[in-house]
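With the hints as extra help, turn the sequences into a complete structure.
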Amino acid sequence: MKTHVKIVVALLVIAVALTAGVFIKNYNTEKPIVIVNPSAKTSPATVFGKAVQKSLDAQFYQAANCEDAVAKYGRTTNSVYIYNSSIEFAARNKGLKCLLAEEKDKTVLFYGGTPMYICRLPGSTKDFGPAPTTLGMASMYATKSHENLFKKGGANVKIVPYSGSKTVLAALLAGDVDLGWMGSGLARKQKGKIECLYSTDPGDKNFLGDKVNNGIPNFTITYVIYTNANGGKAVEIKNKLAGDPNFLKFLETSNTSGTFDAAGKDQLAITYVDALFSQWADK
Amino acid sequence: MVVELLVALVLGIGIGIFTGLLPALPVYTGPFLLYQFHTSMGIEALLVFWLSVYVGSQFFGSIACITTGIPGEESSLVYINDIQKYTLSERNSLLYTTAVGSAVAGLLATVLAWIILTLGNNLDMGWLFGLKVQLVLFTLILASFVFVSERKWVTLALIAFGVSIAPQSNYALPPAWYDFQYLFQGYTFYMVILGTMIIPTLFSYTVQVTDKLEEYTVTYEKLNWTTIIKSSWLGFFAGLVPGPSASVGSILAYRSTRDSEQKIIAAETANNSAVIASTIPFFLLALPINQNTIIMSGVMDINGDLITEVIHEASLWGLTILDWALSLLLVAISIYYILSTRLINVYVQLIVLLHKRIRLILVAIILSLIYLDMQTAEVTVAGYFLLLSFFTLVGYVIKKLRASPVPMMFAILLGNKLVWSIIQVKEIYL
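Chains as they are written, first to last, in my numbering: chain A, 8 to 290; chain B, 8 to 437.
Derived by calculation from the structure, the hints in this document are not laboratory data.
The reader is advised that the hints may include incorrect statements.
[To be verified] Below are the PhoX-like pairs computed for lysine-lysine, each with C-alpha atoms no more than 25 Å apart in a straight line:
#1 A:Lys158 <-> B:Lys433
#2 A:Lys101 <-> B:Lys433
#3 A:Lys133 <-> B:Lys139
#4 A:Lys290 <-> B:Lys433
#5 A:Lys272 <-> A:Lys104
#6 B:Lys406 <-> B:Lys92
#7 A:Lys133 <-> B:Lys433
#8 A:Lys200 <-> B:Lys139
#9 A:Lys198 <-> A:Lys212
#10 B:Lys139 <-> A:Lys165
#11 B:Lys433 <-> A:Lys159
#12 A:Lys151 <-> B:Lys433
#13 A:Lys48 <-> A:Lys79
#14 A:Lys165 <-> B:Lys433
[What the hints assert, rightly or not] Incomplete in silico selection of chain B near chain A, CB under 10 Å:
#15 Leu180
#16 Pro249
#17 Pro288
#18 Leu313
#19 Glu316
#20 Ala384
#21 Glu385
Quantities reported herein were computed from a predicted structural model and do not represent experimental measurements.
Quick reminder that beta carbons are idealized off the backbone N, C-alpha and C, glycines included.
In structure tokens form, the structure reads like this:
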């Protein structure tokens, strides 16, 4: 065999050996946990995802949209998906393929939610009733169907769409709207600057459903955290999350309640979004 | 704790300079980094780091724009066309005057913010968040681009296109409009700059340079204090209005004067007071009003801290947390001033070096920008290059029409807020 052929063969053998070595190393090394976030970078759901990431000391994947998130989840071992009901509601409205019911490879780690508060400025007398009132709300829920349900329930409201709770709060403080529908975590921070009349939590004494039925008076932003990790690894992830005092503190301050004993609870989220969609979506 | 604060200050200054000098690193780089490290930092250090990076990225964004013609941050974009007509020597003098303006605006805004936050609840700022203020302000800004343009119809069309793709996650849009803007989902500000401004001019970029560095020596010009003080106030006001605060401040100040050089100084002064003012609603009402404060608000949420209360808690040496954060911000601004004015000769050499190998360096910069931009873009790799190709095509068309892409970029920046305002006015008043 000529010298240069020997050199080429030797190089090939080395290359194959190196590739095999890298493959074996990676095969035997445990894959890192990857948090897959379908929500926008500045949304409260991303804050929730970041809290999970911190708790699990995981990598973070910011998806372009929920379809991209589902694709990433499907191709990444040990990924943890941060689902929330608002993303699914929007996805259903826009015909995107990222529905919770279609995801078969999952172990549910956490199921929970955070209610909304309906607030006004201190000293204001505005309330749900026959007098015309404006209600600021995140645009995906600011539908005509929703407005009509309020009217049917006796509240003469005009729903004004906003990008989210923070802009609703700004509009309320500016006096642009009479009432603001906002995340309870954000509303609680205001302490004295706004007055919250109603809560969508049926456990609260000022439950919205006792005043007016808007179709879904017990509305929550519902979170489902699920993973495609195998049985043992999934249990390990769940225990780490449930045992992290920082994550538990985050749940408390963001007024998110839920359970880590969540097997099968994803079905509740699906049923809940079904109800949301049938009541509030403009079809 | 003192050591921790000093480390946070030094790191904040370093990353602030880096973020400002490097286009494509977004101004929210600071709070984004804090997502990774915040649990190991005290609240004082967290705020010192954040404020230093935020202010530093604005301070040094002007240096990138004036020296290379590529804006280090969005608010420098307003004067990018003016830069082309200055010699390299004149650009170096501008570095000095804009640094003075930035320092004065930063110091003034910090002191004002300190007073406002200390007075706290006695101030009614709600009207600044109002629909009418935003609608009038953003409409006037976009209209001003049409008024001053020599090609009014092209400018109008570019603004219309910018506004049409600007809305994000706006489910109140008519379905056809929603579907149209969804096609552009995931574009970034730097992708638009790269496509419409930098790539189309890559092969026609020429600046004559000689080897004699003394020809570029800075001549320190007399400062126009009226421009600096007026712009500081304008920027401060703009900073309190929800939206892209620094850019709004820059445009208002830029339009407030006629002289070309003063316009640049005014814009660079205003954006510095605007970024500091934009933190006031966050500190006072826990209300974030721009991307930077929204992400910082997320960091506070994960920490479980209520910002409106925590800043008034007692800290070291009898000072409150707010006192520590703002006093160290004053130190950071002073250091930025010293670094930006005393090292102008370094920038001079950098400019000469850049221009000698300009095409090669521009290609390297473009590739680096694309790489960096893709790290924070909410889009797939294929989607990124598809959108970049589209914006490059738009850039070539704009170049052929001898128009400026700047109004379109501001339409993209302000359009999201503007469209929301129009929809809300329709619902509330019509």
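Hints, one by one, checked against the model:
1. A:Lys158 <-> B:Lys433: Holds - the C-alpha atoms of B:Lys433 and A:Lys158 are around 20 Å apart, at most 25 Å.
2. A:Lys101 <-> B:Lys433: OK: A:Lys101 and B:Lys433 at ~23 Å, within 25 Å.
3. A:Lys133 <-> B:Lys139: Holds - the C-alpha atoms of B:Lys139 and A:Lys133 are around 21 Å apart, at most 25 Å.
4. A:Lys290 <-> B:Lys433: holds (22 Å)
5. A:Lys272 <-> A:Lys104: Judged against 25 Å, a Cα distance of about 21 Å means the pair holds.
6. B:Lys406 <-> B:Lys92: holds (17 Å)
7. A:Lys133 <-> B:Lys433: The hint holds at about 21 Å.
8. A:Lys200 <-> B:Lys139: holds (22 Å)
9. A:Lys198 <-> A:Lys212: holds (18 Å)
10. B:Lys139 <-> A:Lys165: holds (19 Å)
11. B:Lys433 <-> A:Lys159: holds (23 Å)
12. A:Lys151 <-> B:Lys433: Status holds; Cα separation ~14 Å.
13. A:Lys48 <-> A:Lys79: holds (17 Å)
14. A:Lys165 <-> B:Lys433: holds (11 Å)
15. Leu180: holds (8 Å)
16. Pro249: holds (6 Å)
17. Pro288: It holds, given that the least Cβ distance between B:Pro288 and chain A is near 8 Å, below 10 Å.
18. Leu313: This hint holds: B:Leu313 lies near chain A, its Cβ roughly 5 Å from the closest one there, short of 10 Å.
19. Glu316: Holds: closest Cβ of chain A sits about 8 Å from B:Glu316, inside 10 Å.
20. Ala384: holds (8 Å)
21. Glu385: holds (5 Å)
Going down the numbered hints, you'll see the structure goes against none, and every one checks out.
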